[in-house]
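Colleague: Residue numbers (the numbering used here), protein chains in the order written: chain A, 1119 to 1226; chain B, 2 to 111.
It should be emphasised that the hints constitute simulated quantities derived from the structure, not laboratory data.
Below, in silico cross-link-like pairs of lysine to any residue (SDA-like), each with a Cα-Cα straight-line distance of 25 Å or less:
#1 B/K43 - A/V1121
#2 A/K1125 - B/Y40
#3 B/K43 - B/I110
#4 B/K43 - A/P1126
#5 A/K1183 - A/R1222
#6 B/K43 - A/D1205
#7 B/K43 - A/S1206
#8 B/K43 - A/D1216
#9 A/K1183 - A/Q1159
#10 B/K43 - A/F1184
#11 A/K1183 - A/D1205
#12 B/K43 - A/V1225
#13 A/K1183 - A/R1128
#14 A/K1183 - A/L1223
#15 A/K1125 - A/S1187
These figures come from a predicted structure and were not determined experimentally.
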Amino acid sequence: SAVISQKPSRDICQRGTSLTIQCQVDSQVTMMFWYRQQPGQSLTLIATANQGSEATYESGFVIDKFPISRPNLTFSTLTVSNMSPEDSSIYLCSVERDFGQGTRLTVV
Amino acid sequence: QKEVEQNSGPLSVPEGAIASLNCTYSDRVSQSFFWYRQYSGKSPELIMSIYSNGDKEDGRFTAQLNKASQYVSLLIRDSQPSDSATYLCAVSPTGNQFYFGTGTSLTVIP
Chain A
1119 SAVISQKPSR DICQRGTSLT IQCQVDSQVT MMFWYRQQPG QSLTLIATAN
1169 QGSEATYESG FVIDKFPISR PNLTFSTLTV SNMSPEDSSI YLCSVERDFG
1219 QGTRLTVV
Chain B
2 QKEVEQNSGP LSVPEGAIAS LNCTYSDRVS QSFFWYRQYS GKSPELIMSI
52 YSNGDKEDGR FTAQLNKASQ YVSLLIRDSQ PSDSATYLCA VSPTGNQFYF
102 GTGTSLTVIP
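In isolation and in its complexed conformation, chain B is listed as follows (with noise of 0.2 Å):
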């Protein structure tokens, strides 16, 4: 299994701030990252994905990636209660198969 590293938390942060998760990886032939929300007692869904060194935004959500330092991060702008899950980061060298990482627990206080 790969190694990808997440800080557990768990993290709280109040309605309407920015919560900062953050994501570390070995391998370095990963090339997709990727991040999931998993609500207590579903699947995981998939909410962002990154393939190049840089920011991507899709509404609340930025994913920012830098392969020198095999870091990836998911920015979550204007934190609501619905927000409240884990986190799951994702590294996967073939774009399919995937290797996650511990996960975070995010709770939004309203």
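Only chain A is shown next, with the shape it has when bound in the complex (with noise of 0.2 Å):
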């Protein structure tokens, strides 16, 4: 299975501003998944990040709000723009069937 990093492990932010989570993957692969589990909740996918092209966003999620970058096929970012405290969740990076250990985000 994948070895994936994802950094900060955690993170307080105020509102308004923005946060970059990095997702670090030890082999090359095509697709990189985003999640997110807010407090007591399942997860939800975010978005698809493909190499070489836009991300794919589901329902209720928009690329302003969630940008995505994909530079190399190790290697992803997600950015949590303009933050209100409804974004304070566990924001997680997937590879094939596996997962990162989260960001925790506590926006105040």
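Using the hints, put the two chains back together into the complex; each one sits in its own frame.
Modeller: Written out as structure tokens, the structure is:
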């Protein structure tokens, strides 16, 4: 299985600011996935990040709020823009069937 | 998002008993089905995948799939306290992107 590293592991941010989350994989993969897990909830797919093309967003998620980069086959970033307290969640990167350790975001 | 339904529980079983977890899904296109286990504060970890109708066994775990009824289940035999976790059912049209159910919290009582 893939080794997936996410940074930061946690952060506390002021409302109105943005946070970029990094995801590094130890092997080259075509698709990387970003999920959100709100407090006490299950995981919701945000978007699919393909190298060399724009990310594909799920219903309810937009590029202006969650811009994604995929500069190569082992790395992706997710930015949470103009944050509000409702964005407080765990954000997880996924490759194949494995998940990173997640980024716990608290917006104050 | 695809509709995936689970009984949220909590489900409590005594140690050594069989725990039965159920999941229904609405999307007939989905071809791959997965069960993840998530301990509190941790990321989900894959415990079972199933693609064809019928049963699939792996140690103490058995996954069951009925595509006609759009139903997938997980049985945990000889439940142990270490099995106490939230179990997430996931469906996938492609095998890589997942649509998760709400999860079932399982507690195994020693």
